[in-house]
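Okay, so the sequence shown: first residue is 1 according to the UniProt record's numbering, each after it adds one.
Check each hint, because a few of them may be wrong.
To be verified - Only pairs whose alpha carbons sit at most 25 Å apart, straight line, appear in this in silico DSS-like list of lysine-lysine:
| # | residue 1 | residue 2 |
| --- | --- | --- |
| 1 | Lys52 | Lys137 |
| 2 | Lys15 | Lys130 |
| 3 | Lys15 | Lys77 |
| 4 | Lys84 | Lys3 |
| 5 | Lys61 | Lys31 |
| 6 | Lys3 | Lys137 |
| 7 | Lys93 | Lys56 |
| 8 | Lys78 | Lys136 |
| 9 | Lys78 | Lys61 |
| 10 | Lys78 | Lys56 |
| 11 | Lys31 | Lys84 |
| 12 | Lys137 | Lys77 |
| 13 | Lys130 | Lys56 |
| 14 | Lys136 | Lys52 |
| 15 | Lys52 | Lys130 |
| 16 | Lys61 | Lys84 |
| 17 | Lys130 | Lys110 |
| 18 | Lys97 | Lys77 |
| 19 | Lys110 | Lys77 |
| 20 | Lys84 | Lys15 |
| 21 | Lys93 | Lys61 |
| 22 | Lys56 | Lys110 |
| 23 | Lys96 | Lys136 |
| 24 | Lys96 | Lys56 |
| 25 | Lys136 | Lys97 |
| 26 | Lys52 | Lys93 |
| 27 | Lys84 | Lys52 |
| 28 | Lys97 | Lys137 |
| 29 | Lys3 | Lys110 |
| 30 | Lys52 | Lys3 |
| 31 | Lys137 | Lys96 |
| 32 | Lys97 | Lys84 |
| 33 | Lys3 | Lys78 |
| 34 | Lys110 | Lys93 |
| 35 | Lys31 | Lys110 |
| 36 | Lys78 | Lys15 |
| 37 | Lys52 | Lys96 |
| 38 | Lys56 | Lys136 |
FYI, nobody ran anything at the bench for these hints, they're computed from the structure.
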Amino acid sequence: MNKVYKYQTDFDQIKNICNCPQSEYFEYSEKESFRFVFSDNAHPNNFLPPAKINPKRFLSKSELERCEALGLSMYGKKSGAIDKFNDLIATFKNFKKVIGTHIAIGIIEKEDGHITDEDEITHFDMYEFKDIDLSKKFNIIEEL
């Protein structure tokens, strides 16, 4: 059974140009994951990808960049997430206002969506399936 992505309409607009998202990257069963969030679990940005938080920022980007911006940034290790957070707050003055002030941990499963491979700092993108609510799977573990 083929799953429909949460942002399928966006993917449909660019899929003929860049094969978005690329399904060969996405094999996993369950995975411990870390993500930046706000202390309020109901904050609208907690589980929104960058392209949905600030759509205007991505209008002039390439189709591949727009595709990547529809994925949720996550980390396979807490240390990788904290290192990246510290890099980003030094570079982007409004990072904490837009992306979050805390780190949360959760277990994602294959029924939740597809993921890319982790990079050297354990970052990966997650492309959620329709009707998935990740806020129920993540718990805040500390303030950053």
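Going through the hints against the structure:
Straight-line distance between C-alpha atoms of Lys52 and Lys137 comes to about 21 Å, which keeps the hinted pair within the 25 Å bound. A hinted pair counts as satisfied when its Cα atoms are at most 25 Å apart, and Lys15 with Lys130 qualifies at roughly 17 Å. At most 25 Å may separate the alpha-carbon atoms for a hinted pair to count; Lys15 and Lys77 exceed this at roughly 31 Å. The straight-line distance between the Cα atoms of Lys84 and Lys3 is roughly 31 Å, outside the 25 Å bound, and the hint therefore fails.
For the proposed pair Lys61 and Lys31, the alpha carbon gap of about 30 Å is over 25 Å, so the pair is violated. In summary, the hint linking Lys3 to Lys137 is supported, as the alpha carbons are separated by about 20 Å, within the 25 Å threshold. Distance hint between Lys93 and Lys56 is fulfilled; the C-alpha atoms sit about 19 Å from each other, no more than 25 Å. Our distance criterion of 25 Å between C-alpha atoms is met by Lys78 and Lys136, whose separation comes to about 19 Å.
Annotation: proposed proximity of Lys78 to Lys61 is violated, straight-line Cα distance about 30 Å (limit 25 Å). About 30 Å separates the Cα atoms of Lys78 and Lys56, which puts this hinted pair outside 25 Å; it is violated. Proposed proximity of Lys31 and Lys84 is supported: the alpha carbons are some 19 Å apart, at most 25 Å. Among the hinted pairs, Lys137 with Lys77 is consistent with the structure: their alpha-carbon atoms are about 17 Å apart, no more than 25 Å.
A hinted pair counts as satisfied when its Cα atoms are at most 25 Å apart, and Lys130 with Lys56 qualifies at roughly 23 Å. Among the hinted pairs, Lys136 with Lys52 is consistent with the structure: their alpha-carbon atoms are about 20 Å apart, no more than 25 Å. For the hint pairing Lys52 with Lys130, the CA-to-CA distance comes to about 15 Å; that is within 25 Å, so the pair holds. The hinted pair formed by Lys61 and Lys84 meets the criterion: a straight-line CA distance of about 23 Å does not exceed 25 Å.
Using a Cα cut-off of 25 Å, the hinted pair Lys130 and Lys110 holds, with the two alpha carbons roughly 13 Å apart. Taken as a hint, the Lys97 and Lys77 pair is honoured in the structure, with Cα atoms around 23 Å apart against an allowance of 25 Å. Annotation: proposed proximity of Lys110 to Lys77 holds, straight-line Cα distance about 19 Å (limit 25 Å). For the given pair, Lys84 sits about 29 Å from Lys15 by alpha-carbon distance, which is inconsistent with the 25 Å threshold.
With a CA separation close to 22 Å, the supplied pair Lys93 and Lys61 stays within the 25 Å bound. Restraint check for Lys56 and Lys110: the C-alpha separation of about 31 Å exceeds 25 Å, so the hint is violated. Proposed proximity of Lys96 and Lys136 is supported: the alpha carbons are some 22 Å apart, at most 25 Å. Simply put, Lys96 and Lys56 have alpha-carbon atoms about 19 Å apart, close enough for the 25 Å limit, and the pair holds.
Under the criterion of a C-alpha separation no larger than 25 Å, the hint pairing Lys136 with Lys97 is consistent with the structure, at around 22 Å. This hinted pair checks out: Lys52 and Lys93 have alpha carbons roughly 20 Å apart, not beyond 25 Å. A threshold of 25 Å between alpha carbons decides the hint, and for Lys84 with Lys52 the separation of about 21 Å falls inside it, so the pair holds. Distance check on the hinted pair: Lys97 and Lys137 sit about 23 Å apart at the alpha-carbon level, within 25 Å; holds.
Taken as a hint, the Lys3 and Lys110 pair is honoured in the structure, with Cα atoms around 11 Å apart against an allowance of 25 Å. As the CA atoms of Lys52 and Lys3 are separated by approximately 21 Å, the hinted pair is consistent with the 25 Å bound. The hinted pair formed by Lys137 and Lys96 meets the criterion: a straight-line CA distance of about 22 Å does not exceed 25 Å. Among the hinted pairs, Lys97 with Lys84 is consistent with the structure: their alpha-carbon atoms are about 16 Å apart, no more than 25 Å.
Between the alpha carbons of Lys3 and Lys78 the distance comes to roughly 29 Å, so the proposed pair goes past 25 Å and is violated. For the suggested pair Lys110 and Lys93, the alpha carbons sit about 35 Å apart, so the restraint of at most 25 Å is broken. For the suggested pair Lys31 and Lys110, the alpha carbons sit about 9 Å apart, so the restraint of at most 25 Å is met. In summary, the hint linking Lys78 to Lys15 is not supported, as the alpha carbons are separated by about 32 Å, beyond the 25 Å threshold.
Under the criterion of a C-alpha separation no larger than 25 Å, the hint pairing Lys52 with Lys96 is consistent with the structure, at around 17 Å. Using a Cα cut-off of 25 Å, the hinted pair Lys56 and Lys136 is violated, with the two alpha carbons roughly 29 Å apart.
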